[in-house]
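Trainee: Sequence:
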Amino acid sequence: MSVPALPQRDAPPPRFSVTIEDVAVDGTFPAEEFTERVRAWAAAAVDAWSRRT
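Those letters in the sequence shown? Residues 440 to 492, per the working numbering, in order.
Read the hints as simulated data drawn from the structure, not as lab findings. Idealized CB from N, CA, C, for every residue including glycine. Hints are supplied without guarantee of correctness; some may be wrong.
Said to hold, decoys possible - Label-pair ranges, simulated between beta-carbon atoms:
hint, residue 1, residue 2, range
1, Ser489, Phe468, 23 to 29 Å
2, Ser441, Val485, 15 to 21 Å
3, Glu471, Asp449, 33 to 39 Å
4, Trp488, Gly466, 23 to 29 Å
5, Val442, Arg490, 31 to 37 Å
6, Gln447, Glu475, 32 to 38 Å
7, Ser441, Ala482, 40 to 46 Å
8, Arg490, Gly466, 25 to 31 Å
9, Ala479, Pro451, 14 to 20 Å
10, Pro451, Glu475, 21 to 27 Å
11, Ala444, Phe473, 36 to 42 Å
12, Ala463, Ala487, 15 to 21 Å
13, Pro451, Arg478, 19 to 25 Å
14, Pro451, Phe473, 21 to 27 Å
Using the sequences plus the hints, can you model the full thing?
Mentor: Spelled out as structure tokens, the structure:
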């Protein structure tokens, strides 16, 4: 029994404008402005993947 090959995927974007390090700040994920940092991170991920055509 053979396993079908996985579909070809594009490589991930090389750089995101906001990273998990930005969300973590100093590694403690401080509560102050946490929501804003997570939203910026999510928006950056969507933007980076949307630019890939």
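Trainee: Compare the structure with the hints numbered earlier in the document and write down the numbers of the violated ones, lowest to highest.
Mentor: Structure breaks hint 2 only.
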